[in-house]
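Residues per chain are reported as follows:
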Amino acid sequence: MTSRTIEVDYLARVEGEGGMSVRIRGGKVEDVQLRIFEPPRFFEAFLRGRAGSEAPDITARICGICPVAYQMSAVHAIEAALGLEITPTIRELRRLLYCGEWIESHILHVYMLHAPDFLGYESAIHMAADHKDVVERGLALKKIGNAIVETLAGRAIHPINVRVGGFHRILPRHAFRELRAQLQEALGLAETTVRWCAQLDFPEFERDYELVALHHPDEYPFNEGRIISNRGLDIPIEDYGQHFREVHVAHSNALQCVHIDHGAYFVGPMARYNLNFDQLPDAVRQLAAEVGLEPPCYNPFKSIIIRALETYFAVHEAIRIIDGHRETEPAHVRGPIVAGVGHGCTEAPRGLLYHRYELDEDGNILQAQIVPPTSQNQGTIENDLREFVGLNVELDDEQLQWQCEQAIRNYDPCISCATHFLNMKVDRQP
Amino acid sequence: MSGPLVIGIGNALRGDDAIGLRVAAALRGRAGDNLRVHESNGDLTQLLDDFASTQDLVLVDAIVSGREAGEVCSFDLSRDPLPVEAQPNSSHVFSLAQVVEMARTLGRLPARVHLVGIEIGSVRTGAPMGEAIESAVDVAVERVHAHLRADPKDPTHA
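Protein sequence lines correspond, in order, to chains E and Z. Position one of the first sequence corresponds to residue 0 (numbering that gives the first Met the number 0), numbered consecutively onward. Position one of the second sequence corresponds to residue 0 (numbering that gives the first Met the number 0), numbered consecutively onward.
The following block holds chain E by itself, in its conformation from the complex (with noise of 0.2 Å):
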C-alpha cells in the first residue's frame, strides 16, 4: 500500500481561511477533521461592559458579509432584554433589510463562490472568461440586493441606520422608488438564476440530516419564530442553550455545536427550505416545482438552487413590502431601561444566528454570546467530508482535494473572522 500527503494551505472561495486534514489507510477514511471557523470570542468578550445599545453596531463588524443578520439578532435580543415592542412598520423593514442581505450574499455565493465549481473552473474569474453575461447577470443582482440594504440602512456595508428599537430614520415611500424598479428588473434575474442553477449538475450526494431552523406560521423567516427541526424539535429561541451547546467531541480538535443528546445538525437555506416551503408565496413555489426542486431536498448540493429559490423570494418579498410602505413615524421605539437578559435568533443567509445578552440596570452588557450559522454547521460538514471521501477516494489528491472543497463550499461558510490557517493533508497509508 502506499502513502500520499497533499497540503494546502487555504480553502479558495471561502471567505477567509480554513483547511482540512484526511487520513485513509488502506483505501478507506479512517479520519477527517475540519476547521474553518473560529468563534467570535473577540467579540463577545469585547461586548462586556458596553451599553446594549452599541450591540448592532459592534457585531455588524463580525462579518463583512451578513452585518445585517448580526444587527438583526443584536437588536432582537437587546429589545427581548430591555422588554421593547416594536410596531408592525419597523418589523417590516428589517424584512426588506433582510432581503437585501439575503440576495447580496445569495448571489455572491451562487456566481461567484460556487458556480465555477459545478463548471469545472478554477475560479470565477475564469469563468467570467467564458461566461460574461452570466457574470454579469450576478453582479447586476448583488447590486440590487447591495442597494436595498443602502437606501434602507444608509449603507451597503456595516449598515448605520439600525438601532435598537427600530431605525434612526425611516424614509418616506417616495424614496423607494428607484429602488422598486430596480426590484422590477431583478424578479427576471432572479428567476434566470433559479433556471440556470437548476440546469448544473449535481453529485447524487444525500445524508439524514438533523434539520434546524426558525419557523413562522405565516411568513418565510427572517427574525422570529420558533426553532424547529424535522425530527420534532418546536422551541421557543429563549430555549436555545437548553437543547444547543459547543462540546469538545473525541474525533476532532475544535468545539463543535450539537443538538444535546442528539449530535451534528444541519442549519441554513436548506433547512430553511424544507422546514418553510409552505410559508414561500405562490410564484416562488411554482418555480420551485418547474425546476423539480420541491422538498424534501436533502442533497446539500442542492443548495445552490434552494440560496437561488430564496433570492427570488427575496426580490418578491422586498417589493410587497415597499409597495406596502406607509409610514415613517416613529422610526424607533423606546422604553426604560431594565435589568434583564434577551434572547435573539435570526436567519442569516447562512442559517440560524442567535444572540444572548445579560443586561445590568443601566444597560450595560454583562455577558454576550453569539453562535453563528457556520459555527453550528461545523459537525455536520466534517461528518459529509467523512462520507464523501469515503465514497471518493480513488480520485488523485488533487481532484479529491477540488471536490472535497465543493462540498465545504455546499454550506457558504463564512470565516470572516476566522483567525488561524490550516493545512489540509490528506494521509494515505496502506
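If you're looking for bench data, these hints aren't it; they were derived computationally from the structure. Predicted model only: the values in this text are computed from it and were never measured. Check before you lean on any hint, since a few could be wrong.
Said to hold, decoys possible - If we take Cβ atoms under 8 Å as the criterion, some of the chain Z residues that face chain E in the derived model are:
| # | residue |
| --- | --- |
| 1 | Leu12 |
| 2 | Asn40 |
| 3 | Asp42 |
| 4 | Leu43 |
| 5 | Thr44 |
| 6 | Gln45 |
| 7 | Phe93 |
By construction, the Cβ of each residue, glycine as well, lies at the ideal position given by its N, Cα and C atoms.
Add chain Z to chain E, keeping to what the hints say.
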C-alpha cells in the same frame, strides 16, 4: 467620467488591515475636495462601480509578501495582474487581486491602475495597528500622490 480616484481598502477592526482606510482618511484630510477618495471593505460590486467612474485609479491595501512590516511598495496593475508573491492578504470576501482581475476580464478596469501596498504584520481582531504600520501612513500617502502626479502619457509613468 470623473477624475482620478483613490480607494483605501481595509477593515478597521482587524489590526494592520486598517491601513488602507487610514491612508484614505489621511489623503482626504490633506486634499479635501480636491481629490476623490473612497473607503471600501473590498465589496466586489462597490469596487467595480468605483472602477467604472475613473480612468486613473490608485488602490491602497494591506499586503503580505514577506517584506518588512511597514514597507510600502507599488504595483502597476494596468496591464498585468498582481505578482503572486504580493497577493493582498486581508479579511475581505473577494480578494482585491480577484476583483481587479474580474474587472479586467469584464472590460471594466480603468486604463491606469496602481496598487500601493503596505506590508503588514498582524490582522488580529480588535488589535490596534502596529507602530511600523502607523509609520507607513505618510509614506503611502506620498506614494499615492506620486502616482497621481505622474504624466499618463509619459512612458515612464510610475
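Do the hints match the structure? See the list:
Using the Cβ-Cβ criterion of 8 Å, the hint placing Leu12/Z at the interface with chain E is satisfied: the shortest such distance is roughly 5 Å. Annotation: Asn40/Z was flagged as interfacial toward chain E, and the flag holds, the nearest CB pair being 5 Å apart, inside 8 Å. Nearest Cβ of chain E to the Cβ of Asp42/Z: about 5 Å, under the 8 Å cut. The hint holds. Interface restraint check: Leu43/Z against chain E, minimum CB-CB distance 7 Å, threshold 8 Å, status holds.
Because the closest C-beta pair between Thr44/Z and chain E is about 5 Å apart, less than 8 Å, the hint holds. At its closest, the beta carbon of Gln45/Z sits 6 Å from a beta carbon of chain E; the interface hint therefore holds under the 8 Å criterion. With a least beta-carbon distance of about 6 Å to chain E, the hint placing Phe93/Z at the interface is held under the 8 Å criterion.
Checked against the numbered hints given earlier, this structure breaks none of them.
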